[in-house]
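Starting from the known structure of chain L, fit chain S onto it as the hints suggest.
There are 2 protein chains.
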Amino acid sequence: MIKALGYAAKHSFSNLKPMHFEREDAASNEVEIEVLFCGNCHSDIHQAKDEWSNTVYPCMPGHEIVGRVRRVGSQVTRHQQGDLVGVGCMIDSCGSCGPCKTGEQNYCEGPNSWLATYNGPMVPAAQAPDGESMYGRDNTYGGYSDVIVVREDFVLKIPSALAPEVAAPILCAGVTTFSPLKHFGVKAGSEVGVIGLGGLGDMAVKLALALGATVTVFTTTEEKLAEAATLGASAVLESDKAALKKLKGSFDFMLSTVPEKHQLDPFIALLKRDSTLAVVGAIGPLPGYNNQELIMHRKSLAGSVIGSIAETQEVLDFCADHGVAPDIRLIPIQEVNRAYKAVEDGEARFRYVIDMASLKELEAS
Amino acid sequence: MIKALGYAAKHSFSNLKPMHFEREDAASNEVEIEVLFCGNCHSDIHQAKDEWSNTVYPCMPGHEIVGRVRRVGSQVTRHQQGDLVGVGCMIDSCGSCGPCKTGEQNYCEGPNSWLATYNGPMVPAAQAPDGESMYGRDNTYGGYSDVIVVREDFVLKIPSALAPEVAAPILCAGVTTFSPLKHFGVKAGSEVGVIGLGGLGDMAVKLALALGATVTVFTTTEEKLAEAATLGASAVLESDKAALKKLKGSFDFMLSTVPEKHQLDPFIALLKRDSTLAVVGAIGPLPGYNNQELIMHRKSLAGSVIGSIAETQEVLDFCADHGVAPDIRLIPIQEVNRAYKAVEDGEARFRYVIDMASLKELEAS
Numbered sequence: 001m002i003k004a005l006g007y008a009a010k011h012s013f014s015n016l017k018p019m020h021f022e023r024e025d026a027a028s029n030e031v032e033i034e035v036l037f038c039g040n041c042h043s044d045i046h047q048a049k050d051e052w053s054n055t056v057y058p059c060m061p062g063h064e065i066v067g068r069v070r071r072v073g074s075q076v077t078r079h080q081q082g083d084l085v086g087v088g089c090m091i092d093s094c095g096s097c098g099p100c101k102t103g104e105q106n107y108c109e110g111p112n113s114w115l116a117t118y119n120g121p122m123v124p125a126a127q128a129p130d131g132e133s134m135y136g137r138d139n140t141y142g143g144y145s146d147v148i149v150v151r152e153d154f155v156l157k158i159p160s161a162l163a164p165e166v167a168a169p170i171l172c173a174g175v176t177t178f179s180p181l182k183h184f185g186v187k188a189g190s191e192v193g194v195i196g197l198g199g200l201g202d203m204a205v206k207l208a209l210a211l212g213a214t215v216t217v218f219t220t221t222e223e224k225l226a227e228a229a230t231l232g233a234s235a236v237l238e239s240d241k242a243a244l245k246k247l248k249g250s251f252d253f254m255l256s257t258v259p260e261k262h263q264l265d266p267f268i269a270l271l272k273r274d275s276t277l278a279v280v281g282a283i284g285p286l287p288g289y290n291n292q293e294l295i296m297h298r299k300s301l302a303g304s305v306i307g308s309i310a311e312t313q314e315v316l317d318f319c320a321d322h323g324v325a326p327d328i329r330l331i332p333i334q335e336v337n338r339a340y341k342a343v344e345d346g347e348a349r350f351r352y353v354i355d356m357a358s359l360k361e362l363e364a365s
Numbered sequence: 001m002i003k004a005l006g007y008a009a010k011h012s013f014s015n016l017k018p019m020h021f022e023r024e025d026a027a028s029n030e031v032e033i034e035v036l037f038c039g040n041c042h043s044d045i046h047q048a049k050d051e052w053s054n055t056v057y058p059c060m061p062g063h064e065i066v067g068r069v070r071r072v073g074s075q076v077t078r079h080q081q082g083d084l085v086g087v088g089c090m091i092d093s094c095g096s097c098g099p100c101k102t103g104e105q106n107y108c109e110g111p112n113s114w115l116a117t118y119n120g121p122m123v124p125a126a127q128a129p130d131g132e133s134m135y136g137r138d139n140t141y142g143g144y145s146d147v148i149v150v151r152e153d154f155v156l157k158i159p160s161a162l163a164p165e166v167a168a169p170i171l172c173a174g175v176t177t178f179s180p181l182k183h184f185g186v187k188a189g190s191e192v193g194v195i196g197l198g199g200l201g202d203m204a205v206k207l208a209l210a211l212g213a214t215v216t217v218f219t220t221t222e223e224k225l226a227e228a229a230t231l232g233a234s235a236v237l238e239s240d241k242a243a244l245k246k247l248k249g250s251f252d253f254m255l256s257t258v259p260e261k262h263q264l265d266p267f268i269a270l271l272k273r274d275s276t277l278a279v280v281g282a283i284g285p286l287p288g289y290n291n292q293e294l295i296m297h298r299k300s301l302a303g304s305v306i307g308s309i310a311e312t313q314e315v316l317d318f319c320a321d322h323g324v325a326p327d328i329r330l331i332p333i334q335e336v337n338r339a340y341k342a343v344e345d346g347e348a349r350f351r352y353v354i355d356m357a358s359l360k361e362l363e364a365s
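So the protein lines, in turn, are chains L and S. Under my numbering, think of the first position of the first sequence as 1, with each following residue one higher. Under my numbering, think of the first position of the second sequence as 1, with each following residue one higher.
No wet-lab data here; the hints were simulated from the structure. All of these numbers come straight from a predicted model, not from anything done at the bench. In this text, a Cβ means the ideal position worked out from N, Cα and C, and glycines have one as well. Be aware that one or more of the hints could be misleading.
Cβ pair distances, simulated, as ranges [said to hold, decoys possible]:
| hint | chain 1 | residue 1 | chain 2 | residue 2 | range |
| --- | --- | --- | --- | --- | --- |
| 1 | L | GLY212 | S | SER14 | 52 to 60 Å |
| 2 | S | LEU237 | L | GLU260 | 48 to 56 Å |
| 3 | S | LYS17 | L | PRO287 | 40 to 48 Å |
| 4 | L | GLY189 | S | HIS322 | 39 to 47 Å |
| 5 | L | GLY103 | S | PRO287 | 30 to 38 Å |
| 6 | L | GLY189 | S | SER28 | 36 to 44 Å |
Only chain L is shown next, with the shape it has when bound in the complex (with noise of 0.2 Å):
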């Protein structure tokens, strides 16, 4: 077993604290990774106050995860000791349905679905057909931590164009919003709607435009207009009724990547035909819409989820060879909760990545 210090709630109301805890030391096709930076996802927000429903407890988030490889089992062909690598949403999956034969691991329709980093097995037990996890735990730690332990098929390469901090964010924020942009064909010329501009939407605004897009960002907050410009990015407050009628049928596609119910309405009237909004950063109940604008110019709502380990290596060499980069602070990892308000709050457009150093400094406190 190996010692491992992290950050963890106990219950929806407390604080990220400390934890020490144990992993299993590195199977032969595993690999053990000293945890160098962490990124901030809202997800880690959702989970820790269990506000999906589904949070087992203790809670230790993280799913945006660079490292170094301290160890690698046996049969591990992929990465060496030394390596810098990450970890993303999925640690594991099924390996024998349909969607893991394609590579498509986060779609994975296994008993348990893919294994999450953290709070995983995604469908616990109880709700499994079979009764059982068939990765034999109750609830995975994830990366606010000083080590973790991962299959090395589910351990991608950090390009060494990319900071590693910077590249945590790409992990999780950058698939995400890399996967859907891919699939409903974003390319160079194309007109895309990003609806919020935080964690996701930096993500999104950026890779679009490195697709070749156009790119109009969707705000409620009036500050974020100007950061919108700097990225490159038209952006009208969704306040604005004039701007968004003058708008209308504009987009060939729509990203919302607000973490919360909002209205759809308004966004599903700025779709061309044809054209389709995902909806990736609320997970669970939205509003009625109005079906007379989809049926009218045959439109779609959708959604995504993170995106498979090739979509996720793919988006990082991506940014490597584009000089996309998420806008990120650095922050110690005691500072976590103080971060995690800033986020509830809106006011974060950048991404907080956690620097795991800071952890080091309070087991040697």
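Leaving out everything else, chain S in the frame of chain L:
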């Protein structure tokens, strides 16, 4: 001018009653058609009763028209006197927008959109960008009449293999279901779910089966289970939670033909990954849905409106070739108000078709 007789509603609360009126003589590119049969679409009822809050009175419904060419304009080349022809939901479109140029008149983006066979223009002048009706009229009268005059490009050929009264519902119910079945990739071996078994549902089931799909019908009416079986489809009561649970993740495509607001979540759950639920029946507000299912399996909600003129001809020919015939009940026009009541009560799986000979009796009396 042509003296004409039809059935129209004068107010949202009044029955349809005989109305004498005049049609303009056929222009050089138009065809004068003696109406023989006209299907009764649920839209006729919505429109006559102003349930979409956009009805112009008097309202003379009818857009499933089969008739015989009585006279042709001097430039008409596509049709001849004596031809058996059909007219569907559209009788004109702008002709110059993107969709019109690619022959998708049903998605016309001109200032008044396509010209509806009745209650057109689709977009009234007051709402059009230039504030004018490009069609030079404020209200069109549909096929509940003895004669209609239509631009030749919007007149369909009725294949000789189809009985004229049976062909009528293909012009709306047929193409409205055929177009999305084809667009969303239904083919031999597809698993298709059809929600609602009225006039549209009947056509959806028959067309999907003729395309080689396996079909399951979802209905709230117990008597329709047996009806579905006679068509060659499985059928499930929507209240049968156990049966629905078993079908989770089963369908390549689902089509909702229910002409009213209804819950989407129970059906979204039944879609396979990357599959679409197209709602074609309910034109208006739909209730909220849980985005988690769309996200976790990249599912979509969509809409679709009728079909192009080419698709309308295609579905007529397809029905002739594959022996697909809507289930109809022929009624005299004097019974149209009673038929409306039966359709509203959800009693009709079949399509009422008005035998316009009954109008002549009225004229003679």
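Status of each hint after checking the structure:
1. L:GLY212 x S:SER14: 52 to 60 Å: For GLY212 of chain L and SER14 of chain S the Cβ distance comes to about 58 Å; the hint holds.
2. S:LEU237 x L:GLU260: 48 to 56 Å: At 36 Å between Cβs, range violated.
3. S:LYS17 x L:PRO287: 40 to 48 Å: Distance hint for LYS17 of chain S, PRO287 of chain L holds at roughly 41 Å.
4. L:GLY189 x S:HIS322: 39 to 47 Å: For GLY189 of chain L and HIS322 of chain S the Cβ distance comes to about 41 Å; the hint holds.
5. L:GLY103 x S:PRO287: 30 to 38 Å: holds (36 Å)
6. L:GLY189 x S:SER28: 36 to 44 Å: holds (42 Å)
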